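Just so you know, the sequences run in chain order Z and E. Our numbering numbers the first residue of the first sequence as 1 and each following residue consecutively. Our numbering numbers the first residue of the second sequence as 1001 and each following residue consecutively.
For the record, the hints were derived by calculation from the structure and aren't laboratory data. All figures in this text were calculated on a predicted structure; none of them were measured in a lab.
Simulated pairs of lysine to aspartate or glutamate, DMTMM-like, Cα-Cα distance not exceeding 20 angstroms: (1) E:K1009 <-> Z:E170; (2) Z:K76 <-> E:D1008; (3) E:K1009 <-> Z:E77; (4) E:K1009 <-> Z:D171; (5) E:K1009 <-> Z:E74; (6) E:K1009 <-> E:E1035; (7) E:K1009 <-> Z:D75; (8) E:K1009 <-> Z:E50.
Residues from chain E that keep clear of chain Z, each with C-beta distances beyond 12 angstroms, as calculated: (9) P1043; (10) Q1134; (11) T1169; (12) D1170; (13) A1178; (14) T1209; (15) G1213; (16) L1214; (17) E1219; (18) G1237; (19) E1251; (20) K1294; (21) D1298.
Pairwise CB distance ranges, derived in the manner of DEER restraints: (22) Z:G94 <-> E:T1033: 31 to 37 angstroms; (23) E:L1063 <-> Z:D72: 26 to 32 angstroms; (24) E:T1033 <-> Z:K95: 35 to 41 angstroms; (25) E:R1182 <-> Z:G94: 31 to 37 angstroms; (26) Z:K134 <-> E:P1104: 49 to 55 angstroms; (27) Z:A184 <-> E:T1162: 55 to 61 angstroms; (28) E:P1104 <-> Z:H34: 41 to 47 angstroms; (29) Z:V89 <-> E:P1104: 49 to 55 angstroms; (30) Z:A118 <-> E:S1011: 35 to 41 angstroms; (31) E:G1190 <-> Z:L126: 48 to 54 angstroms; (32) Z:D72 <-> E:R1084: 28 to 34 angstroms; (33) Z:K95 <-> E:Q1195: 47 to 53 angstroms.
Quick reminder that beta carbons are idealized off the backbone N, C-alpha and C, glycines included.
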Amino acid sequence: MATKASIITLPNPTLRERSHKVREVTDATRQLVHDMESATLDWEASRHHELGVALAAVQINRLERVVVIRNDFEDKEDRSFLALINPEVIQTSGKPEYDHEGCLSVLDIYGLVPRYPAVKIKALNLNGQEIRVKAEGFLARVLQHEIDHTNGLLFVDHVTDKNGFFHLNEDGHLQAIPYSSVEASGILSESL
Amino acid sequence: MTTVAPLDKPSVVFFGTGPVAAASLTLLLESFTIEAVVTKPNPEHHKADAPVISVAHLHNLPLLFAADRHELDQLIARQQFASRLAILIDYGIIVSRAIIDSFPLGIVNSHFSLLPEWRGADPITFAVLSGQAQSGVSLMLLVEKMDQGPLLAQATYPLDDTITTPVLTDALIQLSAALLARTIPGYLDGSITPQPQPTTGTSYSRKLTKADGLLLPAEKSASVLAREVRAFLGWPGSKIRAFDRDILVTEATAQFDASTVQPGTITASNDKRQLIVHTIDGQLVVNRLKPAGKKEMDAAAFLRGVQII
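So that you can see chain Z by itself, here it is in the shape it has in the complex (with noise of 0.2 angstroms):
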């Protein structure tokens, strides 16, 4: 079973990497899509002022095109996900707007990051079906951060400023952090 010890974060290079396209939905891909609902899970008991909203396959050190995204992103108790098989966005609409985002593959550092307000995806569900979701406000920027998972790009890649990046302190708020610090840490792939 995996836990939060299978989440691998940066600067391991693996989640740069592209992933894989499932071929076949199998028992092998929903046992996947298992062990990444666990290690969420077990991640966020460990965590006090955060809730893991979605993971995607390489962030178990796992080369597929697979993500899961919790049914409730503001409820701990709900424990539901929906998993989504070779996700990819096939509209965007609005203009990019900026908010907090956070990666469990990142530890501690929030950042402020672009992202479309509405998208189209379509994707296959477990049982290897086509499915579309139009998706608009946090959701929308919940899919575009996995999608970019299953490409080999973080949020840290889209933050623009310098001033852009945070760090959640022991009391839940987030704290502007200075870049030459985001910089020692080599979370990032180069200097802005």
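Starting from the known structure of chain Z, arrange chain E on it as the hints suggest.
Chain E only, in chain Z's frame:
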């Protein structure tokens, strides 16, 4: 992806009954988890819910009712609250020592003056009446002696010569909710400790009576009367008889022109746009008023409708 969880809101029990309590409760919901609302039951023969009861229903807050001190003691003795403290605003029942002690951190009262100024039942009206340059809100731990508890925090609010009791009340409700939101977490974690009230500067307010609402220009100065109009707006109002009609003065200013007119006399201004109430030292210039049984209007509109001899 991760997201920052909403911060845990401190849990409190809320004691409150009147309109100020209802407005405060609505604002406090942003910063606190309200475990229960303790309030007076709806008065008999009242069909509509009292404002606190409506707010509690709207937000699905558990309601507990006590009509007086005795019922309250019985009610609280039966309850086991998880909250370590309670907030009391505009409640209308004096709570006993036992009830204060049933909360490990006591009961925090938001009092709408800078204590020890204007202890007692009507601090807002008395602050407006005094003509002072500032008032504010004090967070105090309830003790048995009225309004003498130690202070957790105070916030000031500037007053000018247009401030009225309803306007100041609304402003202090907002100020109080903001002060509670930023003070209570510190009191819960021990970083804010209660400090005794200053021993000087004590003053007392009292409940107003209908008799306070009579304007007495033959006895008082124009500036005192102008402050009364602003302080008593809403209730009990500032009543006087002008041109054979009972009116409530709702907006007026003081003026000190030399005059030989007998104090207590009421005339119209030369342009017929204002009522002039002659006082012992000047004039109360009335801009707006409410004739008995009619809507509020400009003095000019009132004067058009009366025969000025």
